[in-house]
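J.: Sequence:
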Amino acid sequence: MTLSEHIHRLLTRLLDEKQVVVWYDQNGDLRDLAVGFRATNCRVVDASASVLRARREADRIFRGLNDPDDPELRSASLLIYCPRARGKQEEERCRDPFEVFAVCGAAFGDKPNETVQSLARQAMPDRTAEIDRVFEQGEPSLNMLDGLKAGMSYPLVKDCLGTDFPLEVAAQILCIPGTIEKLADAPGAVAEALRLLQAEFGYEPPSRAQKASSKLEPLAHHVLLSEFAFDLDGPLDPSLAELSIAPAEHRERIFALCDRMRRSDDTREGYIGIAQHVEAQLQVRQRYKDHLNLGKRDTFPFEERSYLDRLRPLADVGKLDEARQVIADRRQSIWSSLGERAVLWKTAERCIEFLAAIETTRPHLPAVGATVREHLRAYTDRERGLWRVDRGQRLVEQAAASCAEDDEVEPLVEVCRQRYREIAALAQSRFLKAVEQQGWPPDEIPRLTQTFDRHVAPLLRDGTKVVYLLVDSMRYEMARDLGAALEDLGAVRVEAVTGVLPAVTMIGMAALMPGADGTLRLVEKGDTLVPSVGGASLPDSKERM
405 MTLSEHIHRL LTRLLDEKQV VVWYDQNGDL RDLAVGFRAT NCRVVDASAS
455 VLRARREADR IFRGLNDPDD PELRSASLLI YCPRARGKQE EERCRDPFEV
505 FAVCGAAFGD KPNETVQSLA RQAMPDRTAE IDRVFEQGEP SLNMLDGLKA
555 GMSYPLVKDC LGTDFPLEVA AQILCIPGTI EKLADAPGAV AEALRLLQAE
605 FGYEPPSRAQ KASSKLEPLA HHVLLSEFAF DLDGPLDPSL AELSIAPAEH
655 RERIFALCDR MRRSDDTREG YIGIAQHVEA QLQVRQRYKD HLNLGKRDTF
705 PFEERSYLDR LRPLADVGKL DEARQVIADR RQSIWSSLGE RAVLWKTAER
755 CIEFLAAIET TRPHLPAVGA TVREHLRAYT DRERGLWRVD RGQRLVEQAA
805 ASCAEDDEVE PLVEVCRQRY REIAALAQSR FLKAVEQQGW PPDEIPRLTQ
855 TFDRHVAPLL RDGTKVVYLL VDSMRYEMAR DLGAALEDLG AVRVEAVTGV
905 LPAVTMIGMA ALMPGADGTL RLVEKGDTLV PSVGGASLPD SKERM
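Under this note's numbering, the residues of the sequence shown are numbered 405 to 949, in order.
Be aware that one or more of the hints could be misleading.
[Said to hold, decoys possible] In silico BS3-like cross-links for lysine-lysine, where the CA-CA straight-line distance does not exceed 25 Å:
#1 Lys869 - Lys946
#2 Lys562 - Lys586
#3 Lys723 - Lys700
#4 Lys723 - Lys750
#5 Lys422 - Lys562
#6 Lys615 - Lys586
#7 Lys946 - Lys929
#8 Lys615 - Lys562
#9 Lys515 - Lys562
#10 Lys869 - Lys837
None of these hints come from the bench; they were simulated from the model. Predicted model only: the values in this text are computed from it and were never measured.
All chains, please: the whole structure from these sequences, using the hints.
T.: The following block contains the structure:
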């Protein structure tokens with residue numbers, strides 16, 4: 405039996421036994437089946453649109469079930485459909501407005517043997533391999549699973565290819581070399597395969613085709629153009645609309661087939677080849693180069709490039725949420741994950757996140773007249789500090805360096821550089837003005853020269869082993885990243901300290917030495933100034949160590 409028939413039978417039995425059933429459907433995949441559910445004197449309440457209205461309607465019906473004076477409802481049953489998972493903890497269930505009905509009656513869909521995959525395996529035990537494969541590839545629709553029902557078999561095709569599951573058959577024909585020849589060598593197998601393709605994907609071979617190859621190879625145009633058309637926002641170009649496209653009722657199967665080909669190792673390379681071939685042959689890129697909404701499914705390689713080009717205009721006008729959505733939609737794209745394309749998209753993502761950090765930080769920059777201490781507190785603020793902008797700039801430049809010879813993302817990188825110069829200049833001018841007026845370092849913030857005495861010396865006195873790392877040019881934002889990376893190893897605390905002037909390596913490193921606080925001096929050594937701590941000259945690493 406089909407999955408729909410199996411679920412209907414289980415629910416009918418449960419309603420006969422318990423009278424009230426709450427159907428929990430975690431992903432909302434079976435809503436159409438629930439809304440269309442029919443059983444003798446059964447009332448169905450759908451909680452998809454409004455939980456409050458559904459609860460009120462369920463209360464009304466439930467009262468009638470227990471009212472001997474209500475001739476309409478006293479012998480009825482109640483099915484409540486909830487498109488979400490049932491709570492696992494008592495606290496979660498107490499917040500569920502329909503839990504009381506599940507306790508009074510029964511719950512369905514909340515047990516391991518009531519998942520969609522498990523129910524499908526129960527309904528069609530002879531199709532378990534195909535069912536498991538479909539779920540490995542994604543979330544199949546109810547119609548697709550119902551299409552696996554026993555009796556829909558193609559024995560000649562199965563004998564040739566080892567399967568008669570439509571997705572597998574079509575994927576092999578399109579992506580596995582030699583498949584068409586296998587079918588051609590088996591009398592009747594090509595005709596049977598064509599019946600399968602027509603029933604499942606709406607494919608009709610060219611009317612004058614005689615050879616197996618001329619009958620089956622055009623399937624690539626049919627499938628890919630159908631997916632492109634179903635996903636496209638708007639009608640197809642008139643020059644393409646006359647070509648073979650699947651009827652709308654095959655939409656989900658076409659999507660599932662393309663997902664199967666793109667996601668599986670055995671068909672991915674084959675899909676890339678046919679998509680590139682069909683795009684070039686039908687000149688799809690040229691026809692849609694100016695189209696603004698190509699959908700979310702990257703059937704052809706040009707779609708990924710088109711969306712990458714779109715990020716710069718979105719960034720220019722500050723539509724960062726739209727840019728983020730474009731990036732999110734492309735994460736599963738076969739094209740954006742290929743080699744250098746993946747590097748370009750990672751760079752683009754870092755650019756958008758950097759621009760978002762500027763938007764978050766800018767309103768919280770210290771105003772003109774703020775104290776030096778206020779500037780430092782604002783810079784190191786955990787959530788809105790300017791350090792996040794510095795971090796974003798570093799990540800953008802690192803990513804840009806990895807694709808320096810590809811100019812596709814260069815315009816977006818230039819936007820980031822310009823915005824960074826703007827906000828850095830603004831923050832720097834205000835900060836330096838405050839230092840000019842109030843001096844450096846500010847009170848109440850630890851100094852770099854105190855680092856050893858505050859953190860290392862006490863542990864050494866207690867006999868504790870200490871690893872003291874001196875790292876040149878460790879910016880505050882880099883320390884934040886390092887701290888986050890070490891959190892799994894134990895407690896981590898990142899503390900900001902004020903540096904010494906002039907801010908050069910030789911002096912900064914000397915400030916980290918024991919006893920530096922109060923004894924760090926600059927002394928003449930020949931014609932050069934070098935740091936000295938406690939009278940000891942420390943011009944380079946050798947003396948410091």
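J.: With reference to the structure, classify each hint as holding or not holding.
T.: Results for each hint:
For the hint linking Lys869 to Lys946, the alpha-carbon distance of about 23 Å falls within 25 Å, and the restraint holds. For a cut-off of 25 Å, the pair hint linking Lys562 to Lys586 stands: about 11 Å separates their Cα positions. Proximity of Lys723 to Lys700 is assessed by CA-CA distance (about 18 Å); at most 25 Å being required, the pair is judged to hold. Annotation: proposed proximity of Lys723 to Lys750 holds, straight-line Cα distance about 19 Å (limit 25 Å).
About 44 Å separates the Cα atoms of Lys422 and Lys562, which puts this hinted pair outside 25 Å; it is violated. Note on Lys615 and Lys586: the hinted pairing holds, with a Cα-Cα distance of about 13 Å set against a maximum of 25 Å. About 16 Å separates the Cα atoms of Lys946 and Lys929, which keeps this hinted pair within 25 Å; it holds. The hinted pair formed by Lys615 and Lys562 meets the criterion: a straight-line CA distance of about 21 Å does not exceed 25 Å.
Proposed proximity of Lys515 and Lys562 is contradicted: the alpha carbons are some 34 Å apart, above 25 Å. Between Lys869 and Lys837 the alpha-carbon distance is near 43 Å, which puts this suggested pair outside the 25 Å criterion.
Hint compliance for this structure: hints 5, 9 and 10 are not met, and every other hint is.
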